[in-house]
Amino acid sequence: MSTAGKVIKCKAAVMWEANKPFSIEEIEVAPPKAHEVRIKIVATGICRSDDHVITGGLVMPFPIILGHEAAGIVESVGQGVTSIKPGDKVIPLFVPQCGECNSCLNTKSNLCSKNDIGSSAGVMPDGTTRFTCKGKAIHHFIGTSTFTEYTVVHESAVAKIDSAAPLEKVCLIGCGFSTGYGAAVQTAKVKPGSTCAIFGLGGVGLSVVMGCKAAGASRIIAIDINKDKFAKAKELGATDCISPHDFKKPIQEVLTEMTGHGVDYSFEAIGHVDTLTAALASCNMNTGVCVMVGVPPSGSVISIDPMLLLSGRTWKGTLLGGWKMRDCIATLVSSYLEKKFNSDVLISHTLPIAKVNEGFELLRAGKSIRCVLLF
Amino acid sequence: MATSGKVIRCRAAVAWAVGKPLSVEEVEVSPPKAGEVRVKIVATGICRTDDHVLEGCFPNVVFPVIPGHEGAGIVESVGEGVTSVKPGDKVIPLCLPQCGECSFCLNPESNYCLKSHVSEPQNLLPDKTSRFTCKGKQIHHFLWVSTFAEYTVMPEYAVAKIDVAAPLDKVCLLGCGFPTGYGAAINTAKVKPGSTCAIFGLGGVGLSVVMGCKAAGASRIIAIDINKDKFAKAKELGATDCISPHDFKKPIQEVLTEMTGHGVDYSFEAIGHVDTLTAALASCNMNTGVCVMVGVPPSGSVISIDPMLLLSGRTWKGTLLGGWKMRDCIATLVSSYLEKKFNSDVLISHTLPIAKVNEGFELLRAGKSIRCVLLF
Chain A
1 MSTAGKVIKC KAAVMWEANK PFSIEEIEVA PPKAHEVRIK IVATGICRSD DHVITGGLVM
61 PFPIILGHEA AGIVESVGQG VTSIKPGDKV IPLFVPQCGE CNSCLNTKSN LCSKNDIGSS
121 AGVMPDGTTR FTCKGKAIHH FIGTSTFTEY TVVHESAVAK IDSAAPLEKV CLIGCGFSTG
181 YGAAVQTAKV KPGSTCAIFG LGGVGLSVVM GCKAAGASRI IAIDINKDKF AKAKELGATD
241 CISPHDFKKP IQEVLTEMTG HGVDYSFEAI GHVDTLTAAL ASCNMNTGVC VMVGVPPSGS
301 VISIDPMLLL SGRTWKGTLL GGWKMRDCIA TLVSSYLEKK FNSDVLISHT LPIAKVNEGF
361 ELLRAGKSIR CVLLF
Chain B
1 MATSGKVIRC RAAVAWAVGK PLSVEEVEVS PPKAGEVRVK IVATGICRTD DHVLEGCFPN
61 VVFPVIPGHE GAGIVESVGE GVTSVKPGDK VIPLCLPQCG ECSFCLNPES NYCLKSHVSE
121 PQNLLPDKTS RFTCKGKQIH HFLWVSTFAE YTVMPEYAVA KIDVAAPLDK VCLLGCGFPT
181 GYGAAINTAK VKPGSTCAIF GLGGVGLSVV MGCKAAGASR IIAIDINKDK FAKAKELGAT
241 DCISPHDFKK PIQEVLTEMT GHGVDYSFEA IGHVDTLTAA LASCNMNTGV CVMVGVPPSG
301 SVISIDPMLL LSGRTWKGTL LGGWKMRDCI ATLVSSYLEK KFNSDVLISH TLPIAKVNEG
361 FELLRAGKSI RCVLLF
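Chains A and B, in that order, give the protein sequences.
Following the UniProt record's numbering, the numbering of the first sequence begins with 1 at its first residue and continues without gaps.
Following the UniProt record's numbering, the numbering of the second sequence begins with 1 at its first residue and continues without gaps.
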């Protein structure tokens, strides 16, 4: 492309400091260095984790370009990049897959050690950033940064997808859909005929519902205090929808009574310590599996009675649904094209990038599931 | 037997009140009712859980009580309708019963029979009466089995027949400590060959975990205890490294992570302290690690953790009695013992007559014993 090798000036939603609205700015995006890829972002979803950065629940350096759930087209590649070429449709990966570290070499693991989730440095692997705005360096967000017309990511953090994929729909496979669906089919490994309970019916929770349904669960109990969320949950396979506010007794007692001995699999897709504990207590005391999917704010502490585990329960967490992203994203997109699941149902709103703040307001007000921003 | 159908007068170690030493008394043991079995206990181990009972930190225990739950003996008589055992059979009483009818017994993955203590306290037999009296008072059962009594009575589904060749003073440990630890490794964690393991706590259960990890083919077995006297047996049973947290300034989970690169594949906590429970969780690989809670914390304990420990991908699970369905499995475990597939005898550090039961508990509390077996 004619922009190859040059700095690109483009639009981006910059978060200058915590707890402020986004600022739509003109930024400069440097060309990709060796083993990096510059991507023209076409569509990006708004995820609760982006909001956690704004509110301080997820600690990242400012100023920063957020967004991590997107799809786009490769504009240019740096030296040494062989797996991707300009024009390819791609999804950036906030959990990379370098293929060389212990995690990548372990078939069961998906937490490549090149991830920037733990260290939160906000830079490219070489320690520098590709973004500037008004003379200042702007940080990257967990190796992705998709609230920008052009972004630069490491080659290990991008996956090529089917050229027929509609980017404004498959962007959700970059985070929300895969996280929830994978929690059910990979992490919990829900068995046919089993009973499931899902706490939280946002984009991720609804994807858990889809995963439980795909896995053949016989009973899928969807739980949220916002009853507006029930309709989509039922559409996607929930057999029961309940709100804890409708009961005097704790929700885990309600669920235990509904199912006799608690559910086989419970999922928490909110990130609140109270519901995390309730979800654990809701699964069968001896054979139950509880999966922590939602990201609690940093500094959270969960306190439990150890008997909850000693009786035999299994408690596990999962990032990105356990998928090795580079291996699995293309397959998930193909499954989307084959209509094996209907993640489109998660898209409640579509807005231009200029209306990013409105998109976040919808999320905070509980009025949206996934709002997709278009460039 | 001549005692069949009659009350038996015999010795038992009775706990009259919380915090008091056991009292070896003469007790009266009623004959078994329908569906019950009366067993002459030959040998019984002292387990930390019995100590929790004496301290008052085991839930729903009613005093006065006859503790003990890890024993082996011979059937003296059976009540009406009992078919699976007969007088003269060698048996192990089961502190975790297996009724065979509840949803957990019917689930092949589960061992948590609904007749067990957490679901329904086992201070009295299913008909809500006790078979023990002493000095005119009703004495409660412990987990029904009450093996600190020379004769005890339990439901048929809380006792299992074992090989006639089994030495009762050795296989009594298969009633609790050994299967709990061994099963934690092979059933609950399902340790894989070549993997790395860390075991916190080298008492009877912890050492049994070491044996299980070794049997499963772990390549590295790191045994952890603040009492270095425990290291010798751990090494004998397969530990490749023995470390004490007191020898390091940094937290033990950091030590273990550095020793192994990314944390162990499997960690086990066989003590029941909230601090080591958290350290054990943090010691296993952040994305693929499995941590098994084996030790029973005192009732009222609370564990507090950073949820990121789990969110990164760790698995945390608990286990009772090593996941074994006891009635199904105990006979096979005893047979494996006779075939020398494992050496649980190493766990027996002391053998004492029942009259010296309090000395046995002193040895446990002082960290000087592993398993003390009491003989009648």
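By construction, these hints were calculated from the structure, which means they are not laboratory data.
Hints may be right or wrong, so weigh each one.
[Unchecked claim] Calculated lysine-lysine pairs in the DSSO-like style (CA-CA distance at most 30 Å, straight line):
1. A:189 with B:20
2. B:250 with A:189
3. A:191 with B:137
4. A:189 with B:228
5. B:317 with A:249
6. B:317 with A:191
7. A:213 with A:232
8. A:114 with B:20
9. B:192 with B:20
Hints, one by one, checked against the model:
1. A:189 with B:20: Between residue 189 (chain A) and residue 20 (chain B) the Cα gap is close to 49 Å, so the pair fails against 30 Å, i.e. violated.
2. B:250 with A:189: The hint is violated at about 37 Å.
3. A:191 with B:137: violated, 52 Å
4. A:189 with B:228: violated, 42 Å
5. B:317 with A:249: holds, 26 Å
6. B:317 with A:191: Status holds; Cα separation ~19 Å.
7. A:213 with A:232: holds, 13 Å
8. A:114 with B:20: Roughly 58 Å separates the two Cα atoms, so the pair is violated.
9. B:192 with B:20: This hinted pair is violated, its Cα atoms lying about 44 Å apart.
Violated hints, in rising order: 1, 2, 3, 4, 8, 9; the structure is consistent with all others.
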